[in-house]
Each structure stands twice: as structure tokens, then as C-alpha cells.
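Protein chains in written order, with the working numbering: chain A, 1 to 325; chain B, 1 to 325.
A few of these clues could be false.
Below, computed lysine to aspartate or glutamate pairings styled on DMTMM-like, alpha-carbon distance capped at 20 Å [what the hints assert, rightly or not]:
#: 1; chain 1: B; residue 1: Lys46; chain 2: A; residue 2: Glu293
#: 2; chain 1: B; residue 1: Lys246; chain 2: B; residue 2: Asp256
#: 3; chain 1: B; residue 1: Lys46; chain 2: A; residue 2: Asp144
#: 4; chain 1: A; residue 1: Lys46; chain 2: B; residue 2: Glu238
#: 5; chain 1: A; residue 1: Lys46; chain 2: A; residue 2: Asp144
#: 6; chain 1: A; residue 1: Lys79; chain 2: A; residue 2: Glu15
#: 7; chain 1: A; residue 1: Lys79; chain 2: A; residue 2: Asp110
#: 8; chain 1: A; residue 1: Lys46; chain 2: B; residue 2: Glu174
#: 9; chain 1: B; residue 1: Lys207; chain 2: B; residue 2: Glu238
#: 10; chain 1: A; residue 1: Lys46; chain 2: A; residue 2: Glu296
#: 11; chain 1: B; residue 1: Lys207; chain 2: B; residue 2: Asp256
#: 12; chain 1: B; residue 1: Lys246; chain 2: B; residue 2: Glu174
Derived from the structure by calculation, the hints contain no laboratory data.
In case you want the letters, here they are:
Number of protein chains: 2
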Amino acid sequence: MANDQRLHSLLQRFETRDRTALARLITLVENRAPEVGALMELIYPKTGNAHIVGITGPPGAGKSTLVNRLIARYRAAGKRVAVLAIDPSSPFSGGAVLGDRVRMTDHYRDSGVYIRSLSTRGSHGGLSRAAREIVKLLDAFGNDLIIVETVGVGQTELSVMDLAHTTIVVMVPEGGDGIQVMKAGLNEIADIFVVNKADREGADRLKAELEMGVHLRQAAGWNAPVMLTQAVADSGIEALVAAIGKHRDYLSQHPDPAREREQRAREFIQVLAAELEERSTRALGNGGGLIGEVREGRLNPYSAVRRLIADRAALARLLSDNAED
Amino acid sequence: MANDQRLHSLLQRFETRDRTALARLITLVENRAPEVGALMELIYPKTGNAHIVGITGPPGAGKSTLVNRLIARYRAAGKRVAVLAIDPSSPFSGGAVLGDRVRMTDHYRDSGVYIRSLSTRGSHGGLSRAAREIVKLLDAFGNDLIIVETVGVGQTELSVMDLAHTTIVVMVPEGGDGIQVMKAGLNEIADIFVVNKADREGADRLKAELEMGVHLRQAAGWNAPVMLTQAVADSGIEALVAAIGKHRDYLSQHPDPAREREQRAREFIQVLAAELEERSTRALGNGGGLIGEVREGRLNPYSAVRRLIADRAALARLLSDNAED
Chain A
1 MANDQRLHSL LQRFETRDRT ALARLITLVE NRAPEVGALM ELIYPKTGNA
51 HIVGITGPPG AGKSTLVNRL IARYRAAGKR VAVLAIDPSS PFSGGAVLGD
101 RVRMTDHYRD SGVYIRSLST RGSHGGLSRA AREIVKLLDA FGNDLIIVET
151 VGVGQTELSV MDLAHTTIVV MVPEGGDGIQ VMKAGLNEIA DIFVVNKADR
201 EGADRLKAEL EMGVHLRQAA GWNAPVMLTQ AVADSGIEAL VAAIGKHRDY
251 LSQHPDPARE REQRAREFIQ VLAAELEERS TRALGNGGGL IGEVREGRLN
301 PYSAVRRLIA DRAALARLLS DNAED
Chain B
1 MANDQRLHSL LQRFETRDRT ALARLITLVE NRAPEVGALM ELIYPKTGNA
51 HIVGITGPPG AGKSTLVNRL IARYRAAGKR VAVLAIDPSS PFSGGAVLGD
101 RVRMTDHYRD SGVYIRSLST RGSHGGLSRA AREIVKLLDA FGNDLIIVET
151 VGVGQTELSV MDLAHTTIVV MVPEGGDGIQ VMKAGLNEIA DIFVVNKADR
201 EGADRLKAEL EMGVHLRQAA GWNAPVMLTQ AVADSGIEAL VAAIGKHRDY
251 LSQHPDPARE REQRAREFIQ VLAAELEERS TRALGNGGGL IGEVREGRLN
301 PYSAVRRLIA DRAALARLLS DNAED
């Protein structure tokens with residue numbers, strides 16, 4: 001009850017575009033609070049208006065500077081912008097990304113821009129789920145553009161890119177990564193390629209490699225353009241904004257109802273699986289019964305799961321709202 | 001029934017150490033076949049004998065060469081060795097790891113060595129689950145040592161390291177990553193540090209940094225040693241094997257029953273969550289009912305999940321073995 005009231009009051013403030021309420025709702029999602037399901041159900045009808053842009057690329061490609069420049073352009077056009085930065089807490093790149101983040105503070109005082117980092121530390125499976133739900137919150141809040149930035153080095157990060165309408169893959173010339181990108185199938189997820197730091201040697205060669213890759217995969221449909229930018233010098237950004245707009249137009253002119261149905265079905269299964277996992281974790285956290293036997297090593301986890309699934313009443317009790325009944 | 005028979009016959013061959021049967025059982029796990037639960041339950045009692053060594057580190061640190069050298073030492077000592085290489089299919093390192101893999105073929109013809117790659121491509125959440133189950137198969141097969149190698153750049157890869165009894169973090173001098181490693185909390189998961197390519201400049205400084213980090217975290221218990229190796233020249237490998245043995249002895253002399261109970265309980269919840277997810281995916285894949293409404297956009301996924309959970313009978317039907325009853 002107390003939780004219901006808290007949620008209700010936060011939602012009322014959320015609807016008046018209260019940024020503190022938004023921040024607290026995001027924190028609920030991050031912490032996997034029990035009321036997340038109810039929250040998402042309530043805000044769901046308000047979603048679907050934002051354009052979601054995913055930006056990924058290796059550490060040091062200048063993604064955050066690029067995001068900074070994009071924010072400035074969209075703000076100048078009167079758009080509300082939100083950024084969700086997936087901080088990989090990667091053992092081998094964590095530091096650099098943290099440094100990048102600081103540069104985004106240019107826009108921290110602008111009330112039309114909302115920036116949030118989501119740390120992956122310690123949240124193994126839950127990250128893409130949390131990211132998806134936070135994006136929905138940012139969408140329902142009334143943002144026109146939502147940028148999701150990842151370092152794109154792990155599967156979790158790649159799965160976050162599934163959320164985006166338009167996926168931008170940022171590369172730099174010296175990486176010599178053109179071929180790698182193709183091998184790894186990144187050309188399949190990129191709607192737009194950006195060669196940043198385009199003043200450096202090799203930019204044109206990388207552009208040509210990427211264009212060749214795009215050409216090879218192309219049957220019909222959208223042709224991923226390769227844009228040259230120098231984010232630090234604010235160069236090439238307008239053309240990138242135009243390319244994003246063009247891709248958005250392309251999507252609205254080429255609806256894919258089969259794909260949308262598939263996405264909705266997949267989302268349902270993901271939400272259900274997450275809910276079942278969270279419910280069993282909470283219920284089993286109290287110990288006793290089967291989990292007690294497993295904990296003491298008297299029963300192996302696979303046998304325990306088989307027994308639990310065979311006992312419909314026990315399973316339903318475990319997953320229901322009132323564990324005690 | 002046909003599946004039961006196939007499983008039974010594979011298990012009979014598995015028990016005679018038939019490598020083809022092992023490979024086919026691993027494939028079942030990789031493909032999330034419905035009989036995986038039954039398989040794991042059957043082999044579970046045979047597990048618990050292998051020592052599981054996790055090896056992680058950045059691309060290019062020489063992990064695969066190191067693994068190659070370790071295999072040679074353990075084989076010379078008459079041990080059965082298995083390697084599970086988690087291939088990250090990372091957009092920014094995929095190629096290099098693929099190249100490394102080839103070098104491990106030294107041992108492909110030795111029947112006491114079993115090497116398997118597990119690709120992360122397309123298996124977002126399921127990777128750590130599959131890795132855990134494959135390690136159990138390799139354990140039940142009678143391997144003495146199981147090496148799990150990852151590139152350790154994503155959360156999925158880090159969670160795989162949870163499986164290991166002994167976790168080895170491999171670094172190279174030029175990375176200058178000593179401080180990064182500390183920041184990222186890698187010093188908390190490392191039981192042994194390896195500074196590979198130790199002939200290069202900066203090896204001693206990196207060793208000193210790592211030792212300082214180990215010293216700072218240390219309250220009581222195991223002190224992670226920092227080993228210098230040159231895997232290419234087969235140098236420092238014997239000392240590393242000795243360090244692994246020492247850590248294994250330490251673990252057996254310092255049992256931690258509370259931690260073991262916790263691990264068993266966590267494994268139960270993970271297995272249960274995975275089983276529930278797979279069952280709902282299969283049941284819902286048939287379409288109709290709630291998922292049909294979600295697919296057509298008439299019902300949002302969160303409302304559908306709430307309804308399903310509220311309807312105990314429907315939920316139990318969905319998760320039971322016979323979806324039609």
C-alpha cells in the first residue's frame with residue numbers, strides 16, 4: 001500500500017514533467033523494485049512518440065563528444081532530448097568512458113536535456129531489461145529524441161541496441177577496424193556509420209571499406225550511409241542529423257508490421273521471464289522448503305526445479321502475489 | 001519419447017568417455033533443447049571433481065598461448081584437460097580471438113584434451129547459463145582440469161568467471177592497465193595475476209602496481225600472487241602451474257560452507273528462472289490467447305503479464321509439461 005501511494009504520487013509529478021520524479025522512477029527500475037511491473041503498465045500508453053537512436057563504437061571513438069554535438073543541434077531545433085549512457089564498467093575500458101561522461105555536462109543545466117548513466121556493474125542479466133524500461137520512461141516523459149550510448153563490446157551492450165530505431169556505429173580511422181566490423185556483423189545492425197576524427201589519415205579508406213560492406217550486404221531497402229565527422233570541431237554534425245532524419249522518414253514510410261508483431265511478442269516473453277525470475281527470487285529468498293534442501297546440498301538444483309515444476313500448486317503459490325496464501 | 005531415447009543413448013556413450021557423445025550433449029545445451037533439464041539432473045551426481053580455472057584479460061594479452069602452454073604441462077602430468085573458450089564475437093575484438101583459437105590446435109589430436117568454443121553471438125542472456133552447464137558436462141565427463149577462457153570485456157563474460165574455482169587475470173605491460181584493473185574491481189575477482197610478455201618494458205612496474213593493489217585489498221585469506229610469464233617462450237609456466245595448485249590447496253584447506261550454501265541457492269534460482277523462461281517461450285511460441293493480443297498491439301505486454309500471473313490456473317498450464325491439458 002505504502003508503495004502504491006509512493007508510485008502514484010511520483011507518477012502525478014512525472015506527468016507534470018517533474019525531473020526529480022523521473023529520476024526517482026528510473027531508480028526504482030534500476031533497483032528492480034516490486035512495483036516496476038505496475039509502473040510500466042501505467043506509463044505504457046504514453047510511449048511510442050520518441051525516436052530512439054543507439055550509438056555504439058569502440059572506446060576512444062569520440063562517441064560522447066558526438067552525442068554532445070547532437071544534443072546541441074536537437075536543442076537548437078526545440079527538441080527535448082534524453083541520453084541513456086550504458087556505462088560498461090568494463091575492466092579494460094571503464095576509466096576512459098568515465099572521463100568522456102564528464103564532457104557531457106555542457107548540457108546538465110538545460111531542462112530540455114536529461115542525461116542518465118546506467119551502470120552495468122553487478123547487474124548481469126538485468127541490464128538490457130532495465131535499459132528497455134528506462135527508455136520507455138524517457139519516452140513517456142515526453143522526450144522527442146532518446147540517445148542510448150553503449151561501448152558495444154559485450155553481448156549485453158549489443159542487445160541494448162535492439163531498442164533503437166536508428167543505430168549509429170562510430171569508428172575512427174586508426175582503429176583499422178573496417179574489416180573487423182564486417183566480420184562481426186556490425187554492418188547488419190548499423191543504419192548509419194560515422195567515421196569520426198575524419199581529419200586523420202585513413203578516414204577515406206575506412207569510409208570506402210564500410211561502403212563496400214554496405215554495398216555487399218544490400219539486397220533492397222535502406223542503404224546505410226557512411227558519414228565523416230570531426231565531433232571535436234563540430235564538423236559534419238548537421239549532415240549526420242539529416243541522415244538520422246532521413247532514416248526516421250524511411251522507417252515511417254516503410255512500416256514492417258510482421259517485424260513489429262514479432263517485437264511485441266518478444267517483449268512480452270522478456271517481460272514475463274523477468275517477472276517470473278524476480279518473483280521466484282523474492283519468494284525463495286525467504287528460504288525453507290526445496291531451496292533449503294538445495295542450500296544444504298541434500299538436493300541438486302535440477303531435481304529441485306523439476307519437482308517444483310511438477311507441483312503446479314506449489315509453483316503457482318511461489319509466483320502469485322500473496323506468497324502466504 | 002524419441003528425445004528421451006536419444007538422450008539415454010548419448011548418456012550411455014558419454015559414460016564410456018565417447019567424445020562424440022560429449023560433443024553432441026554440449027550441442028544440446030547450446031541449442032537449449034527441451035531435455036537439458038533432465039540431462040543436467042542425470043549428470044549432476046558425477047560433477048564436483050574437476051578444478052575449474054577461469055582465464056580472462058584484454059584481447060592480445062596472449063591468453064590462448066598461455067592456455068596452450070598450461071595444457072601441455074597438465075597433459076605431461078597425466079591430467080585430462082578441457083578448454084571452454086567463450087568467443088565473444090565482439091565487434092571490436094572478434095577477429096583477434098578467432099586467430100588465437102587456431103593456435104590451440106596443437107592439442108586437437110590428443111584424446112586427453114577437449115577444446116570447445118562457445119559463441120556468444122545471438123545468445124544474449126543464455127550464455128552464462130550454457131557455459132555453466134557445459135562446464136558441468138566437462139566435469140562429469142571426467143576431466144581433471146577445466147579451463148574457461150573469456151576476453152572479459154562484458155558483463156556476460158565476467159559472470160562466466162563466477163564458475164571458476166581459480167580466476168587468473170592476464171595483463172600485458174604496454175597496456176598500462178594496472179590502475180584500470182584496480183578501478184574496475186578486477187583485483188577482487190583475481191586469484192592469480194599473470195603479467196605476460198614479461199620481457200617487455202614496464203613488466204616490473206605493472207607487477208608492482210598489481211601487488212600494491214593486492215596488498216591494499218588484503219584483510220586476511222588468500223594473497224593473489226603476481227606471476228611473470230612469456231607464454232610464447234614457454235617461460236614462467238611451471239611457476240604458474242604451481243600457483244594454481246597452491247590456490248587449489250588453499251581452497252580445500254579453507255572450506256567456506258556459508259559461501260557454498262549461497263552458491264547452491266543462487267544456482268537453484270538461476271536454473272529455475274531459465275526453465276521458466278524457456279517453458280514460457282515454447283508455450284507462447286504457439287501463439288493464440290494473450291500473446292496473440294500482444295502481438296496484434298491490442299494489449300500491452302505489461303498488462304498481459306499481470307493478467308497471466310493473476311490467473312494461477314493459466315500460469316500453471318503454461319509452465320507445466322503438458323501444455324494441452
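Lys46 of chain B and Asp144 of chain A: Cα distance at most 20 Å? Violated, at about 57 Å.
With a cut-off of 20 Å on the C-alpha distance, tell me whether Lys79 of chain A and Asp110 of chain A pass. Holds, because 12 Å separates the two Cα atoms, which is no more than 20 Å.
Holds or violated: Lys46 of chain A and Glu238 of chain B, Cα atoms, limit 20 Å. With a Cα-Cα distance of about 63 Å, the restraint between Lys46 of chain A and Glu238 of chain B is violated, given a limit of 20 Å.
Would the pair Lys79 of chain A and Glu15 of chain A pass a check requiring their Cα atoms to be no farther apart than 20 Å? 18 Å, holds
Could you grab the alpha-carbon distance between Lys207 of chain B and Glu238 of chain B and see if it respects the 20 Å cut-off? 18 Å, holds
Would the hint linking Lys246 of chain B and Glu174 of chain B be met if the CA-CA limit is 20 Å? 29 Å, violated
Given the hinted pair Lys46 of chain A and Glu174 of chain B, is their alpha-carbon gap at most 20 Å? 51 Å, violated
With a cut-off of 20 Å on the C-alpha distance, tell me whether Lys246 of chain B and Asp256 of chain B pass. 17 Å, holds
Hinted pair, alpha-carbon criterion (20 Å max): Lys207 of chain B, Asp256 of chain B. Please report holds or violated. The given pair, whose Cα atoms are some 29 Å apart, is violated under the 20 Å limit.
Do the alpha carbons of Lys46 of chain B and Glu293 of chain A lie within 20 Å of each other, as the hint requires? With a Cα-Cα distance of about 19 Å, the restraint between Lys46 of chain B and Glu293 of chain A holds, given a limit of 20 Å.
What's the verdict on Lys46 of chain A and Glu296 of chain A, does the C-alpha distance respect the 20 Å limit or exceed it? The hint is violated at about 48 Å.
Starting from Lys46 of chain A, check that the Cα of Asp144 of chain A is at most 20 Å away, please. Distance ~13 Å between Lys46 of chain A and Asp144 of chain A Cα, so the pair holds.
The structure shown violates the earlier hints numbered 3, 4, 8, 10, 11 and 12.
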